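Novice: One letter stands for each residue in the lines below.
Number of protein chains: 4
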Amino acid sequence: MGMIGGGRGAFIGAVHRMAAALDGQIELVAGCFSSDPEKSRASGADLWLDPARVYGSYQEMARSEAALPPGRRVDFVSIVTRNDTHFAVARTFLQAGFNVICDKPLAYNLAQAKQLRTLVRRSGKVFALTHNYTGYPMVKEARALVGSGRLGRILKVVTEYPQGYAITALEDKADGTISNWRMDPRIAGASNCMGDIGTHAENLGRYITGLEIDELLAELSTFIPGRPLDDDGNCLVRYKGGAKGILYASQVSNGDENNLNIRVYGTKASLEWYQEQPNELIVKAVDLPREIRRRGNTYLSPAARANTRTPFGHPEAFIEAFANVYLGAAAAIAAEVEGRPLPPALDFPTIDDGVIGMAFIETAVKSARRGAKWVKFPDV
Amino acid sequence: MGMIGGGRGAFIGAVHRMAAALDGQIELVAGCFSSDPEKSRASGADLWLDPARVYGSYQEMARSEAALPPGRRVDFVSIVTRNDTHFAVARTFLQAGFNVICDKPLAYNLAQAKQLRTLVRRSGKVFALTHNYTGYPMVKEARALVGSGRLGRILKVVTEYPQGYAITALEDKADGTISNWRMDPRIAGASNCMGDIGTHAENLGRYITGLEIDELLAELSTFIPGRPLDDDGNCLVRYKGGAKGILYASQVSNGDENNLNIRVYGTKASLEWYQEQPNELIVKAVDLPREIRRRGNTYLSPAARANTRTPFGHPEAFIEAFANVYLGAAAAIAAEVEGRPLPPALDFPTIDDGVIGMAFIETAVKSARRGAKWVKFPDV
Amino acid sequence: MGMIGGGRGAFIGAVHRMAAALDGQIELVAGCFSSDPEKSRASGADLWLDPARVYGSYQEMARSEAALPPGRRVDFVSIVTRNDTHFAVARTFLQAGFNVICDKPLAYNLAQAKQLRTLVRRSGKVFALTHNYTGYPMVKEARALVGSGRLGRILKVVTEYPQGYAITALEDKADGTISNWRMDPRIAGASNCMGDIGTHAENLGRYITGLEIDELLAELSTFIPGRPLDDDGNCLVRYKGGAKGILYASQVSNGDENNLNIRVYGTKASLEWYQEQPNELIVKAVDLPREIRRRGNTYLSPAARANTRTPFGHPEAFIEAFANVYLGAAAAIAAEVEGRPLPPALDFPTIDDGVIGMAFIETAVKSARRGAKWVKFPDV
Amino acid sequence: MGMIGGGRGAFIGAVHRMAAALDGQIELVAGCFSSDPEKSRASGADLWLDPARVYGSYQEMARSEAALPPGRRVDFVSIVTRNDTHFAVARTFLQAGFNVICDKPLAYNLAQAKQLRTLVRRSGKVFALTHNYTGYPMVKEARALVGSGRLGRILKVVTEYPQGYAITALEDKADGTISNWRMDPRIAGASNCMGDIGTHAENLGRYITGLEIDELLAELSTFIPGRPLDDDGNCLVRYKGGAKGILYASQVSNGDENNLNIRVYGTKASLEWYQEQPNELIVKAVDLPREIRRRGNTYLSPAARANTRTPFGHPEAFIEAFANVYLGAAAAIAAEVEGRPLPPALDFPTIDDGVIGMAFIETAVKSARRGAKWVKFPDV
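Residue numbers (numbering that gives the first Met the number 0), protein chains in the order written: chain A, 0 to 379; chain B, 0 to 379; chain C, 0 to 379; chain D, 0 to 379.
Since the hints were made in silico from the structure, they are not lab data.
Quantities reported herein were computed from a predicted structural model and do not represent experimental measurements.
You may find that some hints are simply not true.
To be verified - Using 30 Å as the maximum straight-line C-alpha spacing, the simulated DSBU-like pairs for lysine-lysine come out as follows:
1) LYS375(D) <-> LYS375(C)
2) LYS375(D) <-> LYS372(C)
3) LYS365(D) <-> LYS375(D)
4) LYS239(B) <-> LYS365(A)
5) LYS365(C) <-> LYS375(D)
6) LYS365(B) <-> LYS113(B)
7) LYS372(B) <-> LYS365(A)
What the hints assert, rightly or not - To list a few chain B residues with every Cβ distance to chain A over 10 Å, as calculated:
8) THR167
9) GLY225
10) GLY240
Unchecked claim - For each label pair, taking beta carbons as the anchor points, the in silico distance ranges come out as:
11) GLY225(A) <-> GLY370(B): 33 to 41 Å
12) PRO68(A) <-> ALA143(D): 49 to 57 Å
13) GLY123(B) <-> GLY225(A): 39 to 47 Å
14) PRO184(C) <-> ARG149(B): 56 to 64 Å
Cβ coordinates follow ideal geometry from the N, Cα and C atoms, glycine included.
Let the hints inform the model, and build the full structure from the sequences given.
Specialist: As C-alpha cells, then:
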C-alpha cells in the first residue's frame, strides 16, 4: 500500500499504519507523507521506505506509481490527510487506477462526496472509509443480533459520543497541532464536532440497526468562545418506520475520553455497547437475566468470530478493530487486483457510508442554523 | 403520622411507611388507606393500628383528627393516593391544620399545583413532596460539589430515566393494578411517562445544578399501541445562562429497571451518578485521574455525611434515601408543631418543587403536541 | 422487643434497631442500653421508651420483664453487647424464658458457644444470630442456584473480606471507641479479624454452598505494631468431598471498605457476588454468555423474591438485608410465643451457625499458632 | 527476525508475529515453523517468506542464518515452541551468535534454566522472555507508583489468575491441539497450571512490587480426573521483609476467561489492576476518594506513557502489551547488533525472570507434594 498524509507527529496516520501492519497481509511501500517534500522524505525514512517511492506530492506519487508495472506498484492508497483534501487526493488516485482507503469524513461537503461516489462507481475500484468503530467484533455481534430478530422491532436508539479533550482551548496553543484544523471551517468543513465524531455515532447506529434517518433536529453549540465551529451537539432523530433516537457528540464533556456508546431498545430485547469496554456486549430484556456476551466465544455470530485474533479474555481493542476494516477492504482489493469477483459478505464501510455521513453533517448544520428545527434527511 | 392511600397491595404506600419507620422518629397512628372503607379497615389492621383511627374517608379523617387534642392528633399526613386526588386531599388536610407530605407529581395539573401553593403559603404549614432521589447522600454530595465551584461553570446536563417495565402492555392485564391508572389521562393527568418519572429527572437535575429551564423541546411517543398517554419522551433543554441539556424518560426501554442517572459537565470538572449504584459518585476532569467518591467517608460534604446511617462499604439504597426526605420533612414539621422557627438549611423537596414539576409536565406536553418544537418554560 | 447494649454512639445497636423497625412488625419497648445506668436511661429517652422499661442492668431487665404478664413483656431480646458478655446475657434471658437475637460472634470462645447451644436446645426458645449478609436476596438466590444443581459439583470457593479501616491505629486514639475493644483479647476473644469478619466470610460460604470444612490452614498476621490480636488472615480450606477454598479477611487492606465477596466455581457453572453491589449475582459458565441476575425479578428463586421489599431497579442494601434476618427470626418467635409450630423453611442463622463460627475461629487460631499448618476442623 | 515454532494453527506464534509487526520496526524474514519440514514450508508460504529462509529444522536454520553476512542474517530469533524444547533451541541460537526472544516458561526445569542463564551471560547476547502482561502500560504505572513510595510499605499482595477453559476435558478431544501438551509432564514439565499461568502471576507481582518470595506454600489440585498434572493451585506466600501474599491460578474456574488480576496493599495506599480491563488502574486509600488512573493521560509515569500508542479513550489491549515486550527487547537487540551500549532503563523480562519463574514452579510443586507445607524459596 501507499499512504498520503500521516507524516511525523500525525496521530491517525500512525494508527492506519499499525492497523495495516498487524496481520502481516499489507506492506507499506510508498507514500507522500506531507505536502512539504522535505518532511515527506524524513517520514518515509522513519518508516524504512525506499526513498525512490517517497514522493513530494500526491500527484507525482499517482503518476509514478501508475507507471510501475502491475506487480510492483501499490495495490491501493490510504488517504489520511485533512478533510479538505480528501476529495482531490481520492479523485487523483481513482483516476490513476488505484483502489482507495480513506479516512473519514469522506469529503469537505456533500457535493464533493456525491462526485466521488460517481467516480468510484465508474471506476469499479474498491473504496473503503475508515469508520473504524464498526470493526469491533462486538459491534458486529450487535448487528448480527439485530439482524437475527433477537431484539424484535427497534423502538429507540441512543448513541452518545462524548469526548472532553477540547474543554481547554487547544486551538489557541502554539503547538495545538491536533485539534487546530478541525476547528477551522476552511479545512474541516461545515462542522467540527458533528463532522469529526458525530459521523462515527451516526455510522455506528446505522451499521448496527440498519435504520435510516427520516428527520433530524440538531442543536449545535460552541461552548468555548472564539471557535468558529461547533464543539458540542445534541440531536433528536426520527427514523423511517417509527423508531426514535437521541444522538449526541461532544468534545467539551470534561473528563470523558472517547466514550462512544450505543443502546438499542427493541420490543423483544435491548443491547448496550461501550467503546471503552469493547469486548463486552450487554443484552437485556424484561423478565430475563441480563446477558453479557464476550468477544472470542463460540456462541457469537460468525461475523464476530471472524473478526477476532485472540482467545476470550485476551482483550482486543482500538487498533485491532481498525485492522478489521483494513482486512475487509484488503480482501476486496486483492480480488479487484487479481480480477476475481468480490468476495460475498464483504463487511467494511464504503463510499455510500461516506455520502450518508456527509448528508448527516449537512442536515445537522442546517437544522442548527434554523434554531434546532426538524429537517428532512435528504434522499442521497 | 397519618396516611391517606397505600392500602393492601400498593407499592408506594409501603415504601412511605418503611421510610417513615426506619429511624424510629415517626410513628404511623392513623390512616385512611382506601376509598373503600372495608379495605381501609383491613389495611389498618395489617398495620396494627387502633381501629378507632382507621377511617373510611379522608374527609372524616381530617375532621376527626383535627378534633383530637394537640398532643394526640397526627402531626402530619402522608398522601400516597393517585395523582388526580392529591389536590383535594392535600387541600382538605392543610385547611384542617395539618402538615403534609405528598407523593409526586404534586397534582393533576399546573393550575391545581399553583392553588395548592397558595394554600400552603397561607397556612404556614410544612409541605414536602417525595422526590425521593434527592434523598441519596451522593446526590447531596453532587449538589455540594456544584455549589462549591468544583465543576466550574456548567455547560451540559444529561439526565436519563429509562425503565422497561411497560414494554409489555400491563394495562391490558386483568390484574394490571400497578400501571393501569398511570396510563389513564383522567387519573394521571396530561402525561404518563413524563409525569411519573420525567419529573424525577427534572427535579434531580435542578436539585444538583440549580439551573432553571429557559426553553424546552419534547418529543413524546406512545410505542405500545392503545395507550392514551406517552410511554417515552426525549427532551432537549436550554437552561438560563447558556447551558444545554438532554433529558429523557422511558418506560419501554426493554430490560432497563430503574436506571435514573445524571451527568453534569462543567468547565473545571464533571460528575456522574447512577441511581442503581447509588453509593458512588464519579468526578472527572481532563488531565486528572478519575475520582470515585463513596458514601460514608469523612471527605464528603456535610450534607452527604448527615444523610447517612451506616459506615462506608455497608451500602445504603432506595428506602434509606426515601427516609432522608422523611427525616428532613419531619424536622421541619416538629418545629412547626412545637412553634419553633424552622431549622436552617432544611433540605427536602417542597411545594415549589411540585409547581415547577407540574410546569415541566405541561411544557413538555405542549411542545410535543406542536410536533416537538421549542417552548418557553413558563414563569411560575 | 428489648435490647441489651447499643447505647448512644454504638454503631451496631442502631443498625439492629433500624432493621427491626423497618417492616413495622417489631417494636422496641424495653432495654438496657449500657452497663452504666445513667447512659442506659439517656439512650432509652433518645428512643422514646417508657422510662419504666429502661433498665440499669440486664439482670434487672430479665427479672422485671419476666414478671410482666405474657402479653405485655417483650417477646425477645436483642443482644448487641461486646463479645465477652454475649454468653452471660444470653444465658440470663434464655433462663428467664425469652427468645434471643444475638450479634455475632456467638460467644467469647467455643466452650461457651457449646454451653449456650445446650441451653437453647433445652429451652425450646428461638435463638437467632445476626450473620446479616445471608439476609441479602441475591445471597439467597446464590444458595438456591447451588441447591438446584445449576453449578454442578462445587470445586472451589473463594471468599474475601477485605476492610481497610484499621490501617491506621484506631485503638491508640483517645476516642477510638469503635475498634478498640475488638483488638483486646480480654473482650474480643482469641482473634480480632477472624472473629469479627472472618466468621462472616465462613458463614456466607457455608450458607451458599452447604460445604463443611474438613481441614483448615490459617496464617494470621498483625501488621500494625502493638496490636495483641490479628488484623489480617489468609486461610486455605479443604472441604469435605474434595472442594478447595481460599478464605481471607483483613482490616488493613487500605482503601477497601467492606468488600465481602464470594466466588463459587462448579463443574457446570460458577457464581460471583459482591456485598458492595448486592443487587446483582453473576452466573457464568464456559461457552455461555454471562448472566447477571438482579434482585426483584420474577425469574428469581422463591427465597430471593420473598426477601425483597422494592421492585427491580429500586436498590436494597445493608439494612434491608439485616431486616430480613429479623423478619425470619420474628416469624419463628411469633410462633414460639403463640405456641404454634415453627413455620417450615425458616431461613435465619441459628445457634448452630454460632457454634460452627466459634469452631472456625478457634481452628484458625490454632493453625496460625502452629506456624500456619493444616488443622482438622473439629466435630462440633 | 526469525521464528522457531508457531506453524499453522498455533495460537501463541501468531500473537508473537502480530506483536512484532505492529510497530513496523521488526520484520519476520526467516523461520522454522514446525519440526515437520513440510508444515514449516507451508507456514512460511502463508507468511510470504522467501522459501530459501524457511527451514526444516532449527539446527539448519541456526547454521544457515549464521552463515549469512551480518547485515542479511536475522538479528534475533523468537522461540515459540513447547516448553520441553526451549532449552535446546535457545542454546543452539545463542551459541550460533543470535539474540533470543523466548516464550515462557523459560525451560523444562530449573536446572535447564540455570544452564541457559550461564550461556546467556557468557554470550553477551540479549535474551528476552515474553512475560507479556508486564508490557501493559498500566502495569508499568503500578510499578512506578510502588517505586515512588505512593503505597508506603507493602503489606499484602493478592494475585489471581483464574481461567476456565479446561473445565471440560480438552486433552481427551481428538482435536485437542491447544491444551493437550500442557497437561503432559513429558512436554510441559512438573506443572501444568502453575507453569503455564501461575508463573505469569508470580512475574506480575514481582514486577510491580519488587518483593522477593521467602517461603511458599502451595496446594495443587487436579480436579478433572485423568490429568497427570495440576489444573488448579492455591499458594500462600511470605515475602522477604514481612509482606504476605495469596497467589492462585486455575484453569477450571468455570466461566472465567483470562482473569489475571492483582491487588497490592500498602500502608499509605493500595492498587488494583485487572487484565481484562487493562486501561485502568485503581488506587485507593482510607479517607481519600478512589482514583482511577487511565492509560494515555499526561499524569501517568514516563514508563506508562512511553508504552502507549493511542490517545486516552482509544483502548489498547493484549497485543499492544505483547508488542511492548518486543519493542523493549528490540531496542536492546539493535544496540547489541550495532555494538552500542545497551540503552539505560531497558524494561523487558529477561533470563533472570525466567530462572526465578522456574524456581517458583519447582518450589510450588515441592510444597504440594509434601501436602501443602511451607517451603523455603531457593536462592537462585
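Novice: Hint by hint, note whether the structure agrees.
Specialist: Against the structure, the hints come out as follows:
{"no.": "1", "hint": "LYS375(D) <-> LYS375(C)", "result": "24 Å, holds"}
{"no.": "2", "hint": "LYS375(D) <-> LYS372(C)", "result": "15 Å, holds"}
{"no.": "3", "hint": "LYS365(D) <-> LYS375(D)", "result": "10 Å, holds"}
{"no.": "4", "hint": "LYS239(B) <-> LYS365(A)", "result": "24 Å, holds"}
{"no.": "5", "hint": "LYS365(C) <-> LYS375(D)", "result": "22 Å, holds"}
{"no.": "6", "hint": "LYS365(B) <-> LYS113(B)", "result": "18 Å, holds"}
{"no.": "7", "hint": "LYS372(B) <-> LYS365(A)", "result": "16 Å, holds"}
{"no.": "8", "hint": "THR167", "result": "7 Å, violated"}
{"no.": "9", "hint": "GLY225", "result": "14 Å, holds"}
{"no.": "10", "hint": "GLY240", "result": "12 Å, holds"}
{"no.": "11", "hint": "GLY225(A) <-> GLY370(B): 33 to 41 Å", "result": "35 Å, holds"}
{"no.": "12", "hint": "PRO68(A) <-> ALA143(D): 49 to 57 Å", "result": "53 Å, holds"}
{"no.": "13", "hint": "GLY123(B) <-> GLY225(A): 39 to 47 Å", "result": "52 Å, violated"}
{"no.": "14", "hint": "PRO184(C) <-> ARG149(B): 56 to 64 Å", "result": "46 Å, violated"}
Hints 8, 13, 14 from the earlier list are contradicted by this structure; the remaining hints agree with it.
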